[in-house]
Each structure stands twice: as structure tokens, then as C-alpha cells.
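As you go down the protein sequences, you meet chains A and B in turn.
According to our numbering, the stretch in the first sequence is residues 5 to 238, in order.
According to our numbering, the stretch in the second sequence is residues 370 to 596, in order.
These are calculated hints, taken from the structure and not from any lab test.
In this text, all values refer to a predicted model and were calculated from it rather than measured experimentally.
Be aware that a few hints might be false.
[As the list claims (entries may be wrong)] Away from chain A, derived, C-beta distances all over 12 Å, residues of chain B: (1) 378; (2) 402; (3) 406; (4) 432; (5) 433; (6) 447; (7) 464; (8) 497; (9) 507; (10) 526.
[Stated by the list, open to error] To give an idea of the chain B side of the interface with chain A (calculated C-beta under 7 Å), a few residues: (11) 531; (12) 572; (13) 576.
Ideal placement from N, C-alpha and C gives every residue a C-beta, glycine not left out.
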Amino acid sequence: MNLLRELVRWLGTGAHWLGPDGVLHRLLQHLALTGVSVALAAVVALPLGCWLGHLGRGGTFAVNVSNIGRAVPTFAVLVLLAVGPLGIGNTATVVALSLFALAPMLTNTYVGVQDVDRDVREAARGMGLSGRQVLWRVELPLALPLVMAGVRIAAVQVVATATIAAYIGGGGLGRLIVDGLAEQDQGMLVSGALLVALLALAVEGLFALLQRRIDPARRVRAVRVATRRVPHPG
Amino acid sequence: MSVHALGGNCLIRNSWICGRYFTTRGAQILAAVRQHVLLTVVAVGVGFAVSLPLTLLCRRWRPLRGVVLAVTSVIYTVPSLALFALLVPATGLTSTTVAIGLILYTLVIFVRNTLAGLDGVPDDVVEAARGLGYRPAQLLLRVELPLALPSIFAGLRLATVSTIALVTVGALIGNGGLGNLISDAFSSVFKAEALAASAFCVALAVLADLLLLGVQRLVMPWRRAAR
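Given only the sequences and the hints, what does the whole structure look like? Please build it.
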């Protein structure tokens, strides 16, 4: 197929991988943008979500912020920030990406902490744990799967938005797509698209694996399986 | 225009809010809105129509269900711009490319939600209906689908709002409805256009959501009575 031929031809050219416009550099830029934005948003969203969830307040806000985030086009926010106060460049991109990463992490963290079984919380209180101890030793571990899910959703979202951010002059793999469109180079266009798709899938897969690793329920099940006694014959 | 009017013109000052923008670019705005609405309606409509038989097939054959869920999960994770770009060699820089990409995304949402809705129908209800002599087709139409409606409507609202936002990305390949205005505003650093187009996008999403909520209330009056 023509698509496959273009892909192989373009990716097969070594020069396309090196240099400031090369695949490797663009990949590093993309990873850097994603990492910084998710980290910045996490620093704000995770503590805020924990605190609100622990107190049980601000639920309407925490849950609806994701609904609102879904209705706002990422492209629009990027352009508004670029045309407005921040101009084009990495600052505008990182700010926009962080904003979009906030919503899913805040919502998931809030719901995760808030949804902890009331009986468990009361039992902890009954054992004499203070409010803060309840948060750290009971609510957070139980909320961890949902929190991780929120981070995963945010990370994939940022990888996608960073791709679009290339249009307003940023770096990242999206530049391959945007430049490919501008220069009518189908090889670059399709290669860029495939690499972005693979990156998004890799990020999703990585976080899904991490989530499964740190799921406390899984650890409990693993311990149970490990300590199950083998029935004696006879 | 007098010199005085030129000097105080909000277009020249590049203000964020500018009435003159609407009066001078009315036709362009309407064309953008028309393309935006058309792409949304096509994507949601076709996606929904294709998802129904697909969902029913998934319920019949277990292996198909696993495959469809896996494939749709992969598609959903692929960023929109990348998906559109992958379709370009096949369908060019046209609105068809954007439409196909959007249809794939709505398909994911619809299949997931409809499956969840149908799976959520309690087993005893299905057994009772079968005991009453309901044939499979009747069971589906008169028992399972109505009970799955809340989930289906949730999927409809989610798909519509997401699609309205995703249409804008189509601007990068020349067909993005209101996104076209946004990208134009970027190239010419036109603040009023950027803000207006963005506001219209959000307004469209809110309007569509409220509309669907209204339809939901109409179609499921028993939910209101249960309150």
C-alpha cells in the first residue's frame, strides 16, 4: 500500500532521525513537554484533590471541572494563550498543557479519596488515628488506583495536546505532522502520526502496568494466593 | 469611514471583544458554524448508527467483544491530529477525513456505553421476561434497550460534547468548522476572532448537551417520576 511505502521510505532514511528536526530530538521534546506539564499539574491537583476528598467538600467543583474540560477545545486554549498574554513558545505550551492535565487528576483524586468506605474510615478513627493519619495511612492507599488512573488519563491527554501545540510553534513529534502538512511531505506526515500514536499507546500501557502493580487489592490477592495451603493427598 | 472612526476602531486596536468583528465577518462565522454543526451531526449520527449493530454482534460472540473493545481502546488513545493525519493519504485534506476520524472516536464511546448499559440489565429481569414468553427480538426492544437507555444517553451526550471540541483540530488539515477561525486568528494574531470562535465552541457544546438532556427527559419520563 502507498501508505506503508511512504512510511518505510521516510523512516528508513537515517537523516530523518538525527539533527534538531529529527525524530529523536522531537521525541525528547515531546517527552519533556509531557513530563513537565503533568508534573506541574500533579503538584497542584493531587494535594488539592486529597484535601478536598478528605474533607468531603468542593465535590461539585472537583467533579464538574472534568466535564467543563471536555467541552473546551484544547486547540482553542492553545491559540488564546498564544495570541494573548503568553505568546508562542514553550511557556504558553506548558501552561496550556498543565491546565488540561489538572482536570482529570483533580477529579479522580477527589473521587478516590472521598469514596473510601465510611466503615473503613470509622474503624481507623476508632483505632485512634488522627485526621491526618487517616488520610495518609488509610484513604490515600485505598485511593491510589483511582489517583493513578487520573494521572494516566492526564498523561495521555497531554501527549495528544502537545501534538497540537506544535502548530503554535512548539516542538515535539507534532512538528513532523504539521511540517509534513505544510511541505506536503506525506512520508513525514504519516511517520509523525504513527510515532505520536505509538507514544500515546506506550504511555497508556506504561501507566496501566504501573496501576496494576500498585493496586493494593492485587497485593492482598497475591498474598492470599501465595499462602494458600496445598491440599495433602491421602 | 472617517479618520476618527479608523483610529478608535476596535479591530485596529485588536481588542479581545469587538462588535465590529461580528458585523464584518458574519458570513465567514456562519460558514464555520455550519461546517462545525454538520461534522458533529454526521460523526455522532453515523457513529451511533454503526455502533448499534456492532454492539449487538459483540453480545452474541464473546471473542468479537474482546477484539472490538481492544481495537476501540487503541483508537481512542491515538491523538486526534495523528488519527486525521493517518487518514490523509487515503482521503486527502478534506472534511471527509475529519468526519471519518470523528466517527471512529464516537464509535468507541457508543460501543462502550451501550455495552455497559445492556450488561447492566439485571439477570432476573431478563429471566422474568423470557419466562413470560418474550422472544429474543422482543426482549431486546422492549426490555433490554429501554433499561439501557440511561447509559446510551450518557454516551450520546459525552460523544457529542467531545466531538464538538475535536472538530476544531480538523482546522490543521483545513476543515475544522470554528477551528478554521481559530487557526486564522492565530496566523493573523486576531484576538477578537480567537475569543469569539472559542466562545462559540463552548456555547455549542453546552447547547447540544442541554438539548440532549431535554430529549433524554422526554424519552425517559419514568426517571422524572422516580425522583
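Legend entry - residue 447 of chain B non-interfacial with respect to chain A [C-beta, more than 12 Å]: Residue 447 of chain B not clear of chain A: closest Cβ-Cβ about 4 Å, inside 12 Å.
Inset, instruction - Please confirm whether residue 497 of chain B is truly not at the interface, meaning its C-beta sits more than 12 Å away from all C-beta atoms of chain A. - result: 32 Å, holds
Legend entry - Interface hint outcome for residue 572 of chain B [beta carbon to chain A under 7 Å]: 10 Å, violated
Inset, instruction - Run the C-beta distances from residue 402 of chain B to all of chain A and say if the shortest one exceeds 12 Å. - result: 14 Å, holds
Legend entry - Minimum Cβ-Cβ distance from residue 526 of chain B to chain A exceeds 12 Å: 10 Å, violated
Inset, instruction - With 12 Å as the threshold, tell me whether residue 406 of chain B passes as away from chain A on beta-carbon distances. - result: Answer for residue 406 of chain B: holds, closest chain A Cβ roughly 15 Å.
Inset, instruction - Check the non-interface label on residue 378 of chain B: least C-beta distance to chain A beyond 12 Å or not. - result: 18 Å, holds
Legend entry - residue 507 of chain B remote from chain A - nearest C-beta pair above 12 Å: Holds, since 37 Å exceeds 12 Å.
Legend entry - 12 Å cut-off, C-beta based - residue 433 of chain B kept clear of every residue in chain A: Consistent with the label, residue 433 of chain B stays out of reach of chain A, its closest Cβ about 22 Å off (over 12 Å).
Legend entry - Residue hint residue 531 of chain B, partner chain A, criterion CB-CB below 7 Å: 6 Å, holds
Inset, instruction - Find the nearest Cβ of chain A to the Cβ of residue 432 of chain B and say whether that gap is larger than 12 Å. - result: At roughly 22 Å from the nearest Cβ of chain A, residue 432 of chain B sits farther out than 12 Å, so the non-interface label holds.
Inset, instruction - Double-check residue 576 of chain B for me: the hint is only fine if its C-beta lies closer than 7 Å to a C-beta in chain A. - result: 11 Å, violated
Violated hints, in rising order: 6, 10, 12, 13; the structure is consistent with all others.
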